[in-house]
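2 protein chains.
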Amino acid sequence: MRIALDAMGTDRAPATEVEGAIEALRELDSDIEIVLVGDQEAIEVELARHEGAPLDRLHVQHAADRVLPGDAPAAVVRRKPASSIVVGLRLQADGHADAFISAGSTGAVMAASLFVLRRLPGVERPSVATFFPTQKKPVLLLDAGTNVDCKPRHLVQFAHLGRVYVRDVLGVEEPRVALLNIGEEPGKGDELAQETYRRLADEPGIRFVGNLEGREIVRGDCDVVVTDGFVGNVLLKFFESIAQFIVGLLESELRRADVGVDLKEAFRVLDYSEYGGAPLLGVNGVSIICHGDSPPKAIMNAVRVAAQAVRSGMVGDTAAELARLRPDEETP
Amino acid sequence: MRIALDAMGTDRAPATEVEGAIEALRELDSDIEIVLVGDQEAIEVELARHEGAPLDRLHVQHAADRVLPGDAPAAVVRRKPASSIVVGLRLQADGHADAFISAGSTGAVMAASLFVLRRLPGVERPSVATFFPTQKKPVLLLDAGTNVDCKPRHLVQFAHLGRVYVRDVLGVEEPRVALLNIGEEPGKGDELAQETYRRLADEPGIRFVGNLEGREIVRGDCDVVVTDGFVGNVLLKFFESIAQFIVGLLESELRRADVGVDLKEAFRVLDYSEYGGAPLLGVNGVSIICHGDSPPKAIMNAVRVAAQAVRSGMVGDTAAELARLRPDEETP
Chain A
158 MRIALDAMGT DRAPATEVEG AIEALRELDS DIEIVLVGDQ EAIEVELARH
208 EGAPLDRLHV QHAADRVLPG DAPAAVVRRK PASSIVVGLR LQADGHADAF
258 ISAGSTGAVM AASLFVLRRL PGVERPSVAT FFPTQKKPVL LLDAGTNVDC
308 KPRHLVQFAH LGRVYVRDVL GVEEPRVALL NIGEEPGKGD ELAQETYRRL
358 ADEPGIRFVG NLEGREIVRG DCDVVVTDGF VGNVLLKFFE SIAQFIVGLL
408 ESELRRADVG VDLKEAFRVL DYSEYGGAPL LGVNGVSIIC HGDSPPKAIM
458 NAVRVAAQAV RSGMVGDTAA ELARLRPDEE TP
Chain Y
158 MRIALDAMGT DRAPATEVEG AIEALRELDS DIEIVLVGDQ EAIEVELARH
208 EGAPLDRLHV QHAADRVLPG DAPAAVVRRK PASSIVVGLR LQADGHADAF
258 ISAGSTGAVM AASLFVLRRL PGVERPSVAT FFPTQKKPVL LLDAGTNVDC
308 KPRHLVQFAH LGRVYVRDVL GVEEPRVALL NIGEEPGKGD ELAQETYRRL
358 ADEPGIRFVG NLEGREIVRG DCDVVVTDGF VGNVLLKFFE SIAQFIVGLL
408 ESELRRADVG VDLKEAFRVL DYSEYGGAPL LGVNGVSIIC HGDSPPKAIM
458 NAVRVAAQAV RSGMVGDTAA ELARLRPDEE TP
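Protein chains in written order, with this note's numbering: chain A, 158 to 489; chain Y, 158 to 489.
I should point out that these hints are in silico values taken from the structure, not numbers from a laboratory.
In this text the structure is predicted, and so the values were computed from the model without any measurement.
Among these hints, one or two may not hold up.
No copy labels: a pair is met if it fits in one copy or bridges any two.
Only pairs whose alpha carbons sit at most 30 Å apart, straight line, appear in this in silico DSS-like list of lysine-lysine [what the hints assert, rightly or not]:
hint	residue 1	residue 2
1	K308	K394
2	K394	K345
3	K454	K294
4	K293	K345
5	K345	K454
6	K293	K394
7	K308	K454
8	K308	K345
9	K294	K394
10	K345	K294
11	K454	K293
12	K308	K294
Work the whole structure out from these sequences, hints included.
Okay, here's the thing in structure tokens:
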């Protein structure tokens, strides 16, 4: 299989992407090939630094342009058709690649993915999903900020998108789906949560385990958590900053006490680079979004996850799952 | 001044409350008196354990009943009029106390406070506010879960409630008010956030500093953050659990490495017991809610905060601030 990797997305592009790609080809299954998409010259300079890189499985697709932080996400396809994001996604849409990965602007990757890959039938709102670390396995939360002012039916769709992803990519047989809420009992929460609860409880194919309060996320007693993108985004960004804050408090205390402990292992569970990026679910293809400050390891993990999504037939499974749902645009 | 303290609220009631009250009287200003409200016999047994307690400033008001976890909050005033929560609040309403503190059920304290103390004119929805630790000073976030499905005008009222509290109780001269949102620019967010932004930008008396993303809370660059109670509650509960989770990761790693470091100082900033409870704002009185698992220090800090609220005239100042707002029930 072939995975298109935007080489111009990270803060240290394309060095990080090239290093991550080489690491992935060395570590992961040998049926994986990677197409680095971006400034050919810059990519080749980076490739030359890595002796013995598996060049037979490493291709370069030139893209003359790149998306910059100031670019309006919605205008990228029209205004920057030669950008690495658009060129990489087109490789997949045209059948020259099976998946796309980028550490560029989340908004731009999303908008371009929607335009180039298109939504799957039955999906009104594709959704970016992210993993939260827990005491057990990481939990997939969606929506992570793509969709605000959601209706109950959107959250039900998120439940299906998340459930198929976790089953196919993580191998969880019957994923448990929970609704983020401000109380445990049915009937708790705002109007959206109350109505979504009723629908999820009746939804075929969904193993609904009920409401989940903010404090319970960390317990890891479910596999998928659905919520409106406003809540998901605030929570995700808060989590990333508070984790850093707490680790910082601690490191300065250990420094003060002059204690040399390597906390890398303890905090590995908090490290997003372990999770392989945030998938955009509900489009007709595999599109994975990584942090702009991803290290090579995060890129490698995104390749691993993308390959697993391709291998499992996640997109086809999602399409089949959503096709079973009656189109129901009239319901709120 | 006299502060009514529900002695039956904590998990180890009344021992914790009695200890916290004695500590407060010893540490804080000598014009403070405390009325312990609850089972007189149990309270006196506890008091007898503390030699040299300042009994001249420590009173007991018997309450024959107590609110239990299963009690429906809205029914407490009617069904348990002799509970320590209702009796304690009535002391304040009748002029025998200037403030009320409880570590009992948040819902019950809130419902009973609303009924007994009543809302201030101009306040449609009283709001529980809580402090979040930051890299600088703690930041007051409201609503913390009292009010869901808020309208923009409710969030504007929260802004006023929070601003007066922070100014009077924390002594911040011109508190900076931010709107929790999923992007920095105006126009970001869901419908509620977009319209609230417009209103806060024009609101007299509010020093509005714009949108604040989830990741920026921890920076502490504002004094008050307003948001809907759904978001606030999810965030607050998530924060408490994730802080515990991360500290736990760390402690087990340090144990494994056999390193004896006292992390108490490093994590002091994360410790809610430093913050003195969550005030219910917008009622005609001072009502402070503490965690059920509060240690005596948290009770003492709640007394400190309640005393400061009384001394500063917080309730009168809030009434004056809200009276300036035009009643505007028609606007969304």
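Is it within a copy, between copies, both, or neither that the alpha carbon of K294 lies no farther than 30 Å from that of K394? Classified as both; 20 Å inside a copy, 20 Å across copies.
Since the copies are identical, ignore which copy is meant and state whether K345 and K454 lie within 30 Å (CA to CA) inside a copy, between copies, both or neither. Classified as neither: same-chain Cα gap 41 Å, cross-chain 32 Å, threshold 30 Å.
Within a copy, between copies, both or neither: which one fits K345 and K294 at a CA-CA cutoff of 30 Å? within (27 Å within a copy, 33 Å between copies)
Since the copies are identical, ignore which copy is meant and state whether K454 and K293 lie within 30 Å (CA to CA) inside a copy, between copies, both or neither. Intra 22 Å, inter 33 Å, cutoff 30 Å: intra-copy only.
Homomeric proximity label, K454 with K294: Cα distance no greater than 30 Å: Within one copy only: 19 Å inside, 36 Å across.
Taking 30 Å as the upper bound on the Cα-Cα distance, should K293 and K394 be classified as within, between, both, or neither? Answer is both; intra-copy 21 Å and inter-copy 19 Å each pass.
Is it within, between, both or neither when you check K308 against K345 at 30 Å Cα-Cα? both (17 Å within a copy, 19 Å between copies)
My question is about K308 and K394: at a cut-off of 30 Å on alpha-carbon distance, are they close within one copy, between copies, both, or neither? Both, since 23 Å and 24 Å are each at most 30 Å.
Within, between, both or neither: how does the pair K308, K294 come out at a Cα-Cα threshold of 30 Å? within (29 Å within a copy, 37 Å between copies)
For K308 and K454, with the copy left unspecified, which applies at a CA distance of at most 30 Å: within, between, both, or neither? neither (37 Å within a copy, 44 Å between copies)
Could you place K293 and K345 in one of the four classes (within, between, both, neither) given a Cα distance threshold of 30 Å? Answer is within; shortest intra-copy Cα gap is 26 Å, inter-copy 34 Å.
Can you give me the call for K394 and K345, within, between, both or neither, at a CA distance of at most 30 Å? both (25 Å within a copy, 15 Å between copies)
Checked against the numbered hints above, the structure violates hints 5 and 7; every other hint is satisfied.
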